[in-house]
Amino acid sequence: MSVLIDQDTRVVVQGITGHQGMTHSRLMRAFGAKVVAGVTPGKGGTEVDGVPVFDSVQEAVDRTQANASCIFVPAPGARDALIESVDAGIRLATVVTEHIPFHDMLIMYHYASAKGARIIGPNCPGIAAPGKSKVGIIPNVVFRPGRVGVISRSGTLTYEIVNGITEHGLGQSTCIGLGGDPVVGTTFVDALPLFEADPDTDLLVLVGEIGGTAEEDAAEYIRHKFSKPVIAYIAGRAAPPGKRMGHAGAIITRGKGTADSKVAALEAAGARVARFPYEVPDLVAETLKTRGRR
Amino acid sequence: MSVLIDQDTRVVVQGITGHQGMTHSRLMRAFGAKVVAGVTPGKGGTEVDGVPVFDSVQEAVDRTQANASCIFVPAPGARDALIESVDAGIRLATVVTEHIPFHDMLIMYHYASAKGARIIGPNCPGIAAPGKSKVGIIPNVVFRPGRVGVISRSGTLTYEIVNGITEHGLGQSTCIGLGGDPVVGTTFVDALPLFEADPDTDLLVLVGEIGGTAEEDAAEYIRHKFSKPVIAYIAGRAAPPGKRMGHAGAIITRGKGTADSKVAALEAAGARVARFPYEVPDLVAETLKTRGRR
Amino acid sequence: MVKLAEWRGKEVFRKYGVPLPKGAVARSPDEARSLVTKGTVPLPCVIKAQVLAGGRGKGGAVKFANTPEEAHAAATAILGLEFKGERVKELLLEEKLPIARELYLSLTLDRSARLPILMASAQGGVEIESVEDSAIVRQPIHPFPGLSGYEKRRAAKVLGLIGPAAKSLDRLLDSLWEVFMREDAELVEINPLALVGDRLVALDAKVIIEDDASFRHPEYAEIRDDRTPLEEIAREKEIAFVQLDGNIGVIANGAGLTMATLDVLREFGGRPGVFLDLGGTDDPAKVTEAFLLMAQAKPRAVFLNIFGGVTKCDTVAKGLVQAMGNIPAADRFPLVARIRGNNEKEGIEILRAAGITSVASLKESAQAVVREAGGAA
Amino acid sequence: MVKLAEWRGKEVFRKYGVPLPKGAVARSPDEARSLVTKGTVPLPCVIKAQVLAGGRGKGGAVKFANTPEEAHAAATAILGLEFKGERVKELLLEEKLPIARELYLSLTLDRSARLPILMASAQGGVEIESVEDSAIVRQPIHPFPGLSGYEKRRAAKVLGLIGPAAKSLDRLLDSLWEVFMREDAELVEINPLALVGDRLVALDAKVIIEDDASFRHPEYAEIRDDRTPLEEIAREKEIAFVQLDGNIGVIANGAGLTMATLDVLREFGGRPGVFLDLGGTDDPAKVTEAFLLMAQAKPRAVFLNIFGGVTKCDTVAKGLVQAMGNIPAADRFPLVARIRGNNEKEGIEILRAAGITSVASLKESAQAVVREAGGAA
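Protein chains in written order, with numbering that gives the first Met the number 0: chain R, 0 to 293; chain V, 0 to 293; chain Y, 0 to 376; chain U, 0 to 376.
Excised from the complex, chain R in its bound form:
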């Protein structure tokens, strides 16, 4: 088992004929994902690397039984693309697109929720279940099948940490990059129960960053409802207050959402918090050893 995706996941790539859509469809397939369809309005009937392209998600679903979508559509059209996939019956949509206005994302999130659909992202690396499937853009090379779950608000920092775990000789069950935008479809708290329920995950690595209260909320959940060991890292302890470090998720406002408050909350919930990314693999290995699992 894995979380959210597995070998039966049938991916439709929205925006497959763009540079990113095309490149990452290839990389997903190289990782073992079943990319069964692409959608680009007006390009229906063509193919990308042998993957059929349709004019609408509904056609793609009808013809290929796609059940997960990966959205590369540029920001001005991303909201429409998500609504289309939800209306076509897709219940898992990974939105890679960055710079989506949060006002659009509010509508996307609440509409998807009302329809029972889950969004990963936006502005996120997506999901990888090594040996099974991948939806999104996380580099293939960093993974190795294993029993460590990873959830993260960051992009490249996730790769860095997953790579460290792999170089340490361990592997991952599922890794989800949630994205760090002001409004995300799936938060730590939304993702934690999935890993709690996953028999293939022995330990969870949580990669957070300053800004917002997602890590504090996660700590609260972990304290009461999460039984597996958690190793965390919070980026931005040395970041200057009130300055943006690349995206809006990292503004510190009104003394909340600081690294200190997040670290304290997670430690109080029983998580071990690494001070630097390169400490994570050691803490993971050590914890698994203590627990007698691997």
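Rather than coming from a laboratory, the hints here were simulated on the basis of the structure. Certain hints may be false.
[As the list claims (entries may be wrong)] Among chain Y residues calculated to face chain R with C-beta under 10 Å, some are:
(1) Arg-137
(2) His-141
(3) Phe-143
(4) Pro-144
(5) Ser-147
(6) Tyr-149
(7) Glu-150
(8) Lys-151
(9) Arg-153
(10) Lys-156
(11) Ile-161
[Said to hold, decoys possible] Under the rule of at most 27 Å between Cα atoms (straight-line distance), these lysine-lysine pairs were calculated in the DSSO-like manner:
(12) U:Lys-14 - Y:Lys-14
(13) V:Lys-42 - U:Lys-166
(14) Y:Lys-95 - Y:Lys-37
(15) Y:Lys-362 - V:Lys-288
(16) U:Lys-83 - U:Lys-37
(17) Y:Lys-156 - R:Lys-42
(18) R:Lys-224 - V:Lys-114
(19) V:Lys-42 - U:Lys-156
(20) U:Lys-362 - R:Lys-288
(21) V:Lys-224 - R:Lys-114
(22) R:Lys-114 - V:Lys-114
Even glycine gets a Cβ: it sits at the ideal position worked out from N, Cα and C.
Fit chains V, Y and U to the known structure of chain R by using the hints.
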């Protein structure tokens, strides 16, 4: 058991200080309903017949554990009243108010659905479970506890038919007046599974009328998923096409929704269809006798 | 239901940016000629009677003009018409455009889906009822996100629009959606929607505003729809009133009971002529007004069939007795009364004191009123 | 983030019907006097520097005038100010109103709830951060039904408004909600919101428009926020760039990795001065531009820390080598490079050919760059 409401239902009446709200709160209590609170903004702290009045539904819920609301608020404020009750955690709202714009009702319905709340109505008589509770305005005198379920799109015609059943010496498990507006929160198809699951209902009376396709949709459901006997009556066989008979639910458009199409669909689904209201009680009695139940 | 005349519908369209031909309204032949002479309306132009009924083209209510004098003559001809019972008082003059194709577009409510629905067909310019279903796209729209890109693309596809024409559709649909939502419309329809070069133009406009939303739209208060004078009075008094060609008057409460009463009357050969639905009133004065209104419709006999809920039986009885005293002798009618439900005993007592008997059985009371009206048809 | 100056924010408010004092903008003392003389701004009036920083009142950037000459003098004084690093170029002159009470109102985003949130407090006119939590109502608003009656009543209650003042709030909140939703605002804030008699007036306006929504709002394109000149250039080139007071330049990709790099540098005593986040580019030219920009910031040493995903290692290596050739000798800096991830081998090879060594370990590479910058602080 009964459908939707029972002796544990705790009713908050929104608009309790108006003439209708006050009168029907009394009648509901006379029927045995637990009316625990009223809401009228600006009148918080007062009482109506000993029922405490609050400024907001949230306060009413917090203080009295109300779990069902009955809305008498005039049309211009009805949408806000429903949103308020849903946001306060109420999961069953009966909207008695008439003349609510369907545009408002679209928002009310889809918002309530997204939050897992059910609306009965608008412009409806409400729900009565004789011997247990009542939410709405159906006359108390027509009922008698029994094992016949009733669902209806009409108001007074429901009373007429329920009264006929009672005068025939039979009684009702639960009666739901769904209302006949263009957009209703609960349709026949939404209500049928509730009666199917209710061990206290042996037979269902369905009272429909011309216009729309709710009866045809119900027939489809009955044919495949409803195991109890159904007696139906469709009002409006003699109504002139294209003319309004009092509310918008009764416009016949484009040859659909005629009495003939509804009667045919219901008979094909195994229902017995009365030609006149006064035939209903006989058909009910006869059917129950055949089945050896009462 | 507030049906807007074409020119009013187009005023609403203009406010929301729906593309329209150049045009103006005239109320006399002189005004029509002057609009053309001044260039307000370019020539050649089309001149259309502003009536609510359809089929204007075939009925001679639409004419063309190439000169100011032709415009004057056409206006004279059309303003003299009585079109399907409606006298023509207003004309819409519009430039005549070189039309490549005529399309159909509308937004209305899908009751079953409980969603607004967009209907589009490449076969415009004819009554949509005559277009086969397979040639019409029906796209439900969720009111929360509103009209989405893929929904508009689906419409463009069925309409056969690409490139700039598809872009024109995209903007037009956004405007039409705004009209539907913000104006509380029951229906917005463009038929025909013309393709002129690579842009779209609404040649006609059908806009129906929901009556129940009138509290948000005082601007439509003075616009009437196609009611008879008595129906109009009823509307002002908030009494649902329908006039047909029969001789029995029916006063009931609630649409379902009213229709059931009609079903029963027909069964016994009665010909109901006026229906009056008291709805949920509990005001004796309103009941009195209803009876006085009924008297004006001059029925042969009247059937009062009330099941008391919100409307209580004694209220109805009081109102009825009050009315009977005020109806002129010449307008009096035989009455069969049946009152059941809330406060039934009190109501029956009041009627009895006034010499009116209430019959308990629906069947028997219906049979009685048919007899009073002169027997089965 | 587009922060609108008070007068621009008020222009937006006016469009949506938020009640405002009478006022006008002046850019010179003469213009200020003239506005008063002509009666465009009634006397007595208040004259406010149009700067983005808060605390204008205490900082001498707000003055009052009872005569045209006083207005001229006040304008002269304020236009001469440099307020918190910003030169005052514009003044807003507004009528001085008899204020009964000062309130606080704002709409912003609650990230945890994933909902817009309405904040209201009876303690307006002071920084909301200084008001205790119990005195602030926080009401989440669902975007689907939008602002509801009960939510507005809750705000009226905490603000202590009843009768006509509560009605005034009701309308004002509808307007404010429209501003928030239709203008894609991150924040709309009125502080203070004045109670004048029984009506409400927005004395100040703080409106921040979301950068990401700029494709819908070309009208805000020319409005800049408080970036340094280099940050401004970076923004135009779509490179995230932050300048601080340190001497190590950091080029990384992704906010998380950038922050982690900073954490590690600080651990070893480094003082990062410029952060440059390449984000998700895969264009060598953009990498070159980033390096040239970095050179202009004149760091003592630069740390390149890339984990290749969308941005591939060889792309970065190519861009870097290209940039190194173009940086003037005087602006060159010692470089420590660490490139990992997609196309790592190719990238390392390109760097090696240009004489640059990539260090695989984050810890060791961070230690190396701190040494290059002159050792731990």
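Hint by hint, here is what the structure shows:
Interface restraint check: Y:Arg-137 against chain R, minimum CB-CB distance 14 Å, threshold 10 Å, status violated. With its C-beta approaching chain R no nearer than about 7 Å, Y:His-141 sits inside the 10 Å limit, and its interface hint holds. Because the beta carbon of Y:Phe-143 sits about 6 Å from the nearest beta carbon in chain R, less than 10 Å, this interface hint is met. Hint status for Y:Pro-144: holds, given a least beta-carbon distance of 5 Å to chain R, under 10 Å.
Hint status for Y:Ser-147 relative to chain R: holds, with the closest Cβ pair at about 5 Å, below 10 Å. Using the Cβ-Cβ criterion of 10 Å, the hint placing Y:Tyr-149 at the interface with chain R is satisfied: the shortest such distance is roughly 4 Å. Look at Y:Glu-150: its Cβ gets to within about 8 Å of chain R, closer than 10 Å, so that hint holds up. For Y:Lys-151, the interface hint holds, since its Cβ comes within 10 Å of a Cβ in chain R; the closest pair sits about 9 Å apart.
Taking 10 Å as the C-beta cut-off, the interface hint given for Y:Arg-153 holds, the closest approach to chain R being about 7 Å. Interface hint at Y:Lys-156: satisfied, since its Cβ lies 8 Å from the closest Cβ of chain R, which is below the 10 Å cut-off. At about 8 Å, the closest approach between the beta carbon of Y:Ile-161 and any beta carbon in chain R falls short of 10 Å, and the interface hint on this residue holds. Of the pairs offered as hints, the one joining U:Lys-14 and Y:Lys-14 holds, with about 17 Å between alpha carbons and a cut-off of 27 Å not exceeded.
About 17 Å separates the Cα atoms of V:Lys-42 and U:Lys-166, which keeps this hinted pair within 27 Å; it holds. Our distance criterion of 27 Å between C-alpha atoms is met by Y:Lys-95 and Y:Lys-37, whose separation comes to about 17 Å. For the proposed pair Y:Lys-362 and V:Lys-288, the alpha carbon gap of about 25 Å is at most 27 Å, so the pair holds. With a CA separation close to 33 Å, the supplied pair U:Lys-83 and U:Lys-37 exceeds the 27 Å bound.
Distance hint between Y:Lys-156 and R:Lys-42 is fulfilled; the C-alpha atoms sit about 13 Å from each other, no more than 27 Å. A C-alpha spacing of about 24 Å is found between R:Lys-224 and V:Lys-114, which places the hinted pair at or below 27 Å, so the restraint holds. Note on V:Lys-42 and U:Lys-156: the hinted pairing holds, with a Cα-Cα distance of about 13 Å set against a maximum of 27 Å. A C-alpha spacing of about 25 Å is found between U:Lys-362 and R:Lys-288, which places the hinted pair at or below 27 Å, so the restraint holds.
For the given pair, V:Lys-224 sits about 24 Å from R:Lys-114 by alpha-carbon distance, which is consistent with the 27 Å threshold. With a CA separation close to 11 Å, the supplied pair R:Lys-114 and V:Lys-114 stays within the 27 Å bound.
Figure legend: structure checked against the earlier numbered hints; hints not met, in rising order: 1 and 16.
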